[in-house]
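Engineer: In the order they appear, the protein sequences are chains W and R. Convert by adding 237 to the 1-based position in the first sequence; the result is the number in my numbering. Convert by adding 25 to the 1-based position in the second sequence; the result is the number in my numbering.
Note that these hints are calculated values from the structure, not bench results. Everything numeric in this text was worked out from a predicted model, so none of it was measured. Using N, Cα and C, we set each Cβ at its ideal position, and we do this for glycine too.
Calculated cross-link-like contacts (lysine to aspartate or glutamate; reagent style EDC-like; alpha-carbon spacing at most 16 Å):
| hint | chain 1 | residue 1 | chain 2 | residue 2 |
| --- | --- | --- | --- | --- |
| 1 | W | LYS388 | W | ASP267 |
| 2 | W | LYS418 | R | GLU359 |
| 3 | R | LYS169 | W | ASP267 |
| 4 | R | LYS56 | R | GLU33 |
| 5 | W | LYS311 | W | GLU289 |
| 6 | R | LYS349 | R | GLU203 |
Simulated restraints, written as ranges between beta carbons of each label pair:
| hint | chain 1 | residue 1 | chain 2 | residue 2 | range |
| --- | --- | --- | --- | --- | --- |
| 7 | R | ASP288 | W | ASN451 | 57 to 65 Å |
| 8 | W | ASN451 | R | GLY75 | 27 to 35 Å |
| 9 | R | ARG287 | W | SER486 | 51 to 59 Å |
| 10 | R | ARG213 | W | ILE384 | 28 to 36 Å |
| 11 | R | LEU162 | W | LYS410 | 26 to 34 Å |
| 12 | W | LEU409 | R | ARG233 | 54 to 62 Å |
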Amino acid sequence: MTTKGKPKVAFFDFTSCEGCQLTVLDSLQDHLDLLEAIEIVQFREAITEKGENYLVAFIEGCCSRPIDETRLMKIRDQAAIVVALGTCAHLGGINTLKYLHPLDDTRAYVYGNQAAWFETADARPIEAIIPVDYAIPGCPIDRFEFIAFIKALLLGKRPDIPDYPVCVECKLKENTCLYTKGQVCMGPVTRAGCGAICPSFGQPCEACRGFISNANDASLQELLGSYGLTVDDILRRYTMFTTYQVRESLLRRQNGGA
Amino acid sequence: MVVHKRIEVHHVTRVEGHGNIVVEMADGQLKDCRFEVVEAPRFFEAMLRGRSYLEASHITSRICGICSTGHAITSLQATEKALAVQLSQQTILLRKLALYGEILDSHILHVYMLVAPDFLGVGSVIPLVSTHREVVLRALRMKKLAGDICAAITGRHTHPIAMTVGGFTHFPKICELEQLYGRLESARSDTDATVELFASLSWPQFERETEYVSLTHPDEYAFVGGDIVTSDGVYLPVEDYLRVTNEYIVPYSTAKYTRDKRDSYMVGALARFNNNYDQLTPRAKDAAVALGLAPKVTNPYSNSAAQVVEIVHSMDESIRTIDKLLERGISLEEPAQISIDQAEGVGACEVPRGLLIHHYWIGPDGCLTGANCVIPTNQNIANIEADMHELVPHISHKPLDSIQLDLEMLVRAYDPCISCSVHVLKVTDAHEDR
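Bound conformation, chain W alone:
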């Protein structure tokens, strides 16, 4: 990333809770010098100025409306590097729970007779619309991973996002395995990098960082079986943040397939 002066960076948001951008702001608490290394030209929540000349675009939130697609393509045209910031942009995230109900039914439940006033479509990760160069996973992102990511970009290195399961980090923390307590944890198939934060605070992993590239599903099935757990037990976990990723097998199941 060699340009004259500080690289220009912009932040954008789509359907999300803006928690990842708040985590970016929180990262300034320990790394105020970040502002000396990059120039933030757009950051909706924090600054009034709006620059259209940027090299790196960080995008939070999933695409859930037709108008979002146009905006995403405009950002892609401008930015040399597009980064999906957090689970919603990376995977579709919590918003993809919509897939579990018919869309019209969802809209009518919230807006009643006036449902037709409000435009919405299926929630999708931004990769479904535009090419994405990198993803910083997590709901929310980890602030230290964000800083490490920026450092790597500034050094021209490929950012190091782990591709091994959460269990590795959980073991290093010497946590008691939650399966031994009768809970269903997504740790065995989920991408690490969070420091196994949920199991460390007593809660099962919910796969917010998405699946590792070579997840051993067969081994997980065996593990589930050995604890007497069923597909239905684990389906709930698969449809927390990653419904978009498993939607096709869900549909097969609904239609009576295996």
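The hints should help you fit chain R onto chain W, whose structure is shown.
Structural biologist: The following block gives chain R in isolation, referenced to the frame of chain W:
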């Protein structure tokens, strides 16, 4: 010739979410003014259906990155009321402490990083890093402390982990609480400097009385639980929230509107201050004096000043709560027992931006069959518009950019939480022949 003025602020900045301000004037007469919420609809209430009662607080914390702890606690309350769960004293204290941490975090972010730049004539906190470095460092230091309180109790501030139905799955160590206690004690000088800074600013003068709605509790300045009270004399248990909120829908906004006795009402720090002033700590009352606030305050811009008062109050109460926890000691207790029966429950908290309600219906299998969430910002939108209607004729003689700034500052004072917004400004000053 009619002079038409149109102000359209597309995606107001330094607020959380996508909102537009639209004002149209002809010959100084106000034709139209709206605060449009154009955030993509999220459908959380529909998405909760069919999910386990154990997941509801994890799902709903994702409604908002900045008040995720408040959503989680309110969600747990709704579930626990439905399932008749009795909480331990320790659980109650830990949850209160987590919410004080969030009130601090959110208010510090709002007053320092989103509101203060307007008063100092800059577009963001970034230029202040060089011009007012000490102020920025103080804000970051205070915000870090607030976030660390939440992290010690729940694992992290944004999207808390360790809170579950009936209790906690992880507990802070005594040494962590002692450390937080020490840091809170030594942060008193930062709090004093905060009050001094905001007392020195010249706040916009504008009065419009409205109905102020908040929780109230006999024993304390209410944040976690209580009954609903309004300045127009309504007093209701939270289960009867629909009698106050009366949600309705307008075509130009994806957020639902609310109204009670009048066409609009206000929730948030100012409403709490007006309704529960007597229960503020002595130091918070001193801060109110320094900031020139005495109930009933009817200037909506003062909502940010009331947040400063609540920063002082929440620091004091955090210290007091940690003191109680240290005195009791921390017990690694299992969450309270639950027996699932078909039921419904309402949870209510005062989160940074005001009254938050979660209402759940739970089926015999422990899965939610229905949900209703009433969000503070929705309750304020009608009131923001009513303020704009009253304010615009008073400022219509000003140049367009200062009218616009006054309106943006008004919207920001409410600290709306709609999710962050990009600033694409469009101001036109059209002249049209009669």
